[in-house]
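A.B. asks: Chains as they are written, first to last, in my numbering: chain G, 81 to 183; chain P, 6 to 484.
In case anyone wonders, no lab produced these hints; they're calculated from the structure.
Careful, some of the hints might be misleading.
To be clear about the criterion: a stretch of chain G counts as covered by chain P if any three or more of its residues have a C-beta under 8 Å from a C-beta of chain P, and this derived list gives those stretches [claimed, not checked]:
| # | stretch |
| --- | --- |
| 1 | 107 to 120 |
| 2 | 138 to 146 |
| 3 | 153 to 162 |
By construction, the Cβ of each residue, glycine as well, lies at the ideal position given by its N, Cα and C atoms.
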Amino acid sequence: MTISLDLHMYLGLSAMLFCIGVAGVLTRRNVIVVFMCIELMLNSVNLSLAAFSSQLGDPTGQVLVFLVMAVAAAEAAVGLAIVIALFRNKQTVNINDINILKW
Amino acid sequence: MDLSLLLHDTLAIGPISLITLVGLVVLTIEALHNKTENINCWISLVGLAAALVLSLVQLPTTGTAFSDMIATGGYASFFSAVFAAAGLLTVMLSKSYIKKQSIEHGEYYAILLFAIVGMMLMAAATDLVTLFLGLELMSLSFYILAGFVRRRNESNEAALKYFLLGAFATGFLLYGIALLYGSAGTTHIPSIVGKAGMLASSTMFLIGCGLLLIGFAFKIAAVPFHMWVPDVYEGSPTTVSGFMSTGGKAAAFAAVLVVFAPALVRGVEPVRDVLAVIAALSMIVGNVIAIAQTSIKRMLAYSSIAHAGYILVGVIAANSYGAQGVLFYLVAYTMMNVGAFGILSYLESEDGKNVSFDDYRGLSASRPTLALLMGIFMFSLTGIPPFAGFFGKYYVFAGAVQAGYTWLAILGVLMSVISAYYYLRLVVLMYFSEREQDAPVIAVPTSGLGMAALVLSAIALLGFGIYPSVVLNFISHFF
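Make the full structure from the sequences, and use the hints.
C.D. replies: See the structure below:
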């Protein structure tokens, strides 16, 4: 019983962190902050995965956590490179100023 | 895992290993030499052609590799062949295009090849872990390719928007995977699909399916998760847009058809209802907004949203007719959209102009062959026989009628009629309209390789349209 109570707490925390990440992506205008919020989303999922993995007694979830961390690192490298390429041309990282493509 | 088993499995997933190897070779050559574009292009071409042949050879023998993480043969090989073909055409079209845009760097081909590896992994995945890794490999490569014209603001913006929204969607997809894992106790997809009927009452499972659906809807460019599509397709290098809209979409659909397999869709009613709404909205929004476009590149982006809707109808049908229709449609869509974007890239000027409807006025007089090919692609996109696009639509809608989704089929046909307006408007402009006197004539260099790719896709469209059984024979026993 205590185990299932623990699982719910982990899942609740993970869901909260995920929602904070989503809210951040939707409301913040600085590209770097938006990117940090996306990382928060991914890491909140990692928490869920680790909790499930320990509850199920199955290592797959924890293996996936490592893979997610590796993917997130690769994503950070690509994302920051894109931001730098953009900054060199426009001198801004504000999403509202990045608006030449529409309709 | 002992060495002989490792070797056996590496050979079993032949096309994936081969393309990975070719990608690494291309990358190494790029690092060691200057002026590598030509040799890298040819190595990529040979590698992709070999992968295409290897996929077709491996198609009859189905099995799994790497402890049941990757499927081999059958469905996986079929999609490997599709991605290799799409990659082959894209590389052929890219050679002159990237030279024209002064983005002729050898790593272009390496990243393209890695994107193809990601797609193949997605289609071959029998485990959510493999699926996730394949999807990310493809997406990360596409983020880079979208921003490949570093000096151009549009390209930077496309890459940034694609990256932010793509990574955002990955978050949802990953959360969906976590919840499916938690509720089913495994990440093995066939096991999850097998338990679907039992899990259908679990809230956690349904939320997991919903989140996974959001992630996939982003990748296949379905409404309401389509906002990135027009901007990204317009801003990216044109050959890359063509590849993203075909290979990327086909890979996402291959994964959708594995996870939301007919058994799961039939067993879990809410998933089916949500899919039906997404499909209907995609067809309506994509087609209606496409009418208002002045740029052909942007029109093709909205039409790509509409086509995602048509193909989803086949997933919703969840019977063998519909599923085979999805596969056939993806083959046809790959050929016609790579072709249409190919012609755009062929005629595009150095600064990314010359892609609007008005620029194509009277093209039949100045460039009769290109106008004819563009006409074939547009007719096929509309779904007019005898081109392959017609049979794709036919099978998908027939599957929907059989499954009792007649309203979706009727909506689909109605929307195809609307789509005829903007596809055929281009044909009318090319053939029955004079070029304005003061319009500058843009001289574009001819490229034999690019022209060969365009002709090949047109022939394939006509061939698969007249003899659909060529493709159907391959896919009839998958479902």
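A.B. asks: The structure should be examined with respect to each hint, and the outcome stated for every one.
C.D. replies: Taking the hints in turn, this is what the structure says about them:
no., hint, result
1, 107 to 120, "holds (count 4)"
2, 138 to 146, "holds (count 5)"
3, 153 to 162, "holds (count 6)"
This entry satisfies every hint, going by the numbered hints stated previously.
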